[in-house]
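S.K.: The residues making up each chain are set out below.
Number of protein chains: 2
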Amino acid sequence: MNDFQFQNTTKVYFGKDQLGHLHEEVLKYGKSVLVVYGGGSIKKIGLYDKVMKELKENNIEVYELAGIEPNPRHTTVNKGAKICKDNHVTSVLGIGGGSTIDASKAIAALTLADTDNIWDLVEKKVAWNNALPVLAMPTIASTGSEMDKSCVIANVEKGVKSGINGDILRPKAAFLDPTNTFSVSAKQTACGGFDIMAHLFDMNYFVNSDKYPLQFNVVQTLLRTVREQLPIAIKEPENYAARATMLWAASWALNSFCTSGYKTQAQLHALEQFSSTYDMTHGLALAIITPKWMTYLLNKDETVVDDFSRFALNVMGVKDNGNTLENAKAGIVALQSFIKDELHLPTSLSEVGINDEKFDELKVKACYGQDALPRAYRSLSQKDCLNIYKMCL
Amino acid sequence: MNDFQFQNTTKVYFGKDQLGHLHEEVLKYGKSVLVVYGGGSIKKIGLYDKVMKELKENNIEVYELAGIEPNPRHTTVNKGAKICKDNHVTSVLGIGGGSTIDASKAIAALTLADTDNIWDLVEKKVAWNNALPVLAMPTIASTGSEMDKSCVIANVEKGVKSGINGDILRPKAAFLDPTNTFSVSAKQTACGGFDIMAHLFDMNYFVNSDKYPLQFNVVQTLLRTVREQLPIAIKEPENYAARATMLWAASWALNSFCTSGYKTQAQLHALEQFSSTYDMTHGLALAIITPKWMTYLLNKDETVVDDFSRFALNVMGVKDNGNTLENAKAGIVALQSFIKDELHLPTSLSEVGINDEKFDELKVKACYGQDALPRAYRSLSQKDCLNIYKMCL
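Chains as they are written, first to last, in this note's numbering: chain A, -8 to 384; chain B, -8 to 384.
Calculated directly from the structure, the hints in this document are not laboratory data. Some hints here could point you the wrong way.
Stated by the list, open to error - Across the chosen pairs, the derived CB separations fall in these ranges:
id	chain 1	residue 1	chain 2	residue 2	range
1	A	Glu45	B	Gly11	54 to 60 Å
2	A	Ser141	B	Asp107	44 to 50 Å
3	B	His335	A	Val324	41 to 47 Å
4	A	Lys76	B	Glu227	55 to 61 Å
5	B	Asn305	A	Lys76	53 to 59 Å
6	A	Ser141	B	Lys70	32 to 38 Å
7	B	Leu18	A	Lys76	32 to 38 Å
8	A	Ser153	B	Leu316	57 to 63 Å
9	B	Ser153	A	Ser141	41 to 47 Å
10	B	Ser200	A	Thr170	15 to 21 Å
Heads up, the beta-carbon is just placed ideally off N, CA and C, and yes, glycines get one too.
Just chain A, same shape as in the assembly:
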């Protein structure tokens, strides 16, 4: 069992009536804030007005950066940091999905760095070790960026998604109000929910080392809880308990507790090169890939049977038929029909208009240019990745 260190300092304000604490958090660091958001959805649900009222009534100087893209562009980050530098802004508040919060973290770091281009930090051309304080207000249960210390940014010119990370980027405070997620569409709810599951699969449940019983059992419980509550959130978008569960689960899937003790490389997230290449939704690409990845592994490597059988029984609720291989197969079937029939998501690349044209390029990216990912749950070569992509067609 590996030693580990765990610390997560984010202060979480959870619930319907916590917005009144926002000014306290902003004023801890100064008198101004850059509010970062995406399209108009936070205006449509009235959240924008409430936030502005809360900030302005407390005499906070407010700057704004709207239009953060679903895979946030590095050029947009650069724009945000320029606003902060020009106006000596003292904090950054990201309101929206993971992309918005990730962009806010990148802006926070770039503002105090000795360059105007975030990509210099990503490529380590410019050293950095400081950042403006980040505050986060997620409006979708998905990446868990609100309690996490990393961010992912897209460089469209280079066709690459990459990022920076450091404890200083972890939001000082996060405002998690389930009602802010009520208006998220069924499809985006499903994609966000699957992203949560993929985080748990990738680094915490399908691991390549000794398991800590406590973390392992908790991760399994989180997975099962998401599997049970996500369809409710899709069917009943204003179900407070289901929305609250998804929102809190998103944070816990990525806030370092679940990974404590594990050093497994994320394989599904490595295989998921489609969202940066085709600008498709990350969680959807993961939902297409995951069952195929499991099927491929099960055919290739019998050492996964016990893990996949456990997944079938304890996460998917498959009835034990006494044979672990049969259980494992039934678990994959159950996952596939969960995605199709309960999440109502496409289950192949062709359904979303993607063909094999770029597979040779993507398989290289999936292994980060190496022959394989050596520390993944099971090492897969570039050829294995290509085979999995073909199964996804």
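Mind docking chain B on chain A? Use the hints.
M.R.: Leaving out everything else, chain B in the frame of chain A:
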């Protein structure tokens, strides 16, 4: 569902090879430390020497307070604070069980307070809002004081256990090395483990409000994990995985995550007035009381049936016989035999030499002088408490 706030800033160093980080943590706050410990057990296992070597090799000025009692006396706390005041000590390191870490917190607060008597803080006669930084090194899986913000101190003259709490008391860092718990006796391992379960029962599992599915499922998983791993830790004291699980479970049972959203008053801990009155082990008293409390509630109040049935199936592993009342009863039987046959603990007060002499006094304490605890899982009057005590004889 209640709104809640969650933050836990403690940095955890978990594992066999983390002691080398101790000097970094001490030196963050100054150049000296008061090392607080109990009897000789940390010397017997060699931990004392290792800690002293680590501190002295890094030129840290070391002061010591040995002899912290199992229920730490307020007079001992006063002594510790005097050492810190006299020598301008800059941090406090508690090495031992919950009592030692609790005493360290109290010393840390008293050192910066305007009195020499911790009981002035407990009784709110003297206001306080600051404390020396506390570091914690638990040597038994039990109270979880290492990630928690409160402490309990005994005033033997008054026959009262009470405490203080505040975010400032939460340890800055905690060193959790499962090997430091290898030499804990079977009985103390059992008592510590039951204390963990009681924390989970009391504020997180048997609650009087809407359940958050995520927290509830995780608490249930923690309970089941402890139920499974504790007997292993007792039978195989050097089983690293079992000891690691117990140690980490202790922290999580009390680090605010599990309670987030709940406002239930701890009833088992209220009923447990024996450890302060008779100086018996807290976890043992809880193990005697818990099954009787459940039996009493089940007879008195049918609204507990579903909760107790769920406990039976999901925590104790009882086979569902299709009738929730029968399940509930079977769960209590299973808990009672778990305590007797797997934890090897006494199951009645008479076995530990306690009679009904002080019951009338204890029932008042159990309700904190009120008629009942109104926000407990189920409100119990003083008379109810007396009845439960009688069942414990």
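S.K.: State for each hint whether it applies.
M.R.: Checked hints:
1. A/Glu45 to B/Gly11: 54 to 60 Å: Violated: the Cβ-Cβ distance is about 46 Å, outside 54 to 60 Å.
2. A/Ser141 to B/Asp107: 44 to 50 Å: Between A/Ser141 and B/Asp107, where Cβ atoms are some 48 Å apart, the hint holds.
3. B/His335 to A/Val324: 41 to 47 Å: holds, 46 Å
4. A/Lys76 to B/Glu227: 55 to 61 Å: Roughly 59 Å apart at Cβ, these two residues keep to the hinted range, so it holds.
5. B/Asn305 to A/Lys76: 53 to 59 Å: holds, 54 Å
6. A/Ser141 to B/Lys70: 32 to 38 Å: violated, 47 Å
7. B/Leu18 to A/Lys76: 32 to 38 Å: holds, 34 Å
8. A/Ser153 to B/Leu316: 57 to 63 Å: Cβ of A/Ser153 to Cβ of B/Leu316: about 58 Å, so the range 57 to 63 Å holds.
9. B/Ser153 to A/Ser141: 41 to 47 Å: Cβ of B/Ser153 to Cβ of A/Ser141: about 43 Å, so the range 41 to 47 Å holds.
10. B/Ser200 to A/Thr170: 15 to 21 Å: holds, 19 Å
Comparing the model with each earlier hint shows violations of hints 1 and 6; every other hint is respected.
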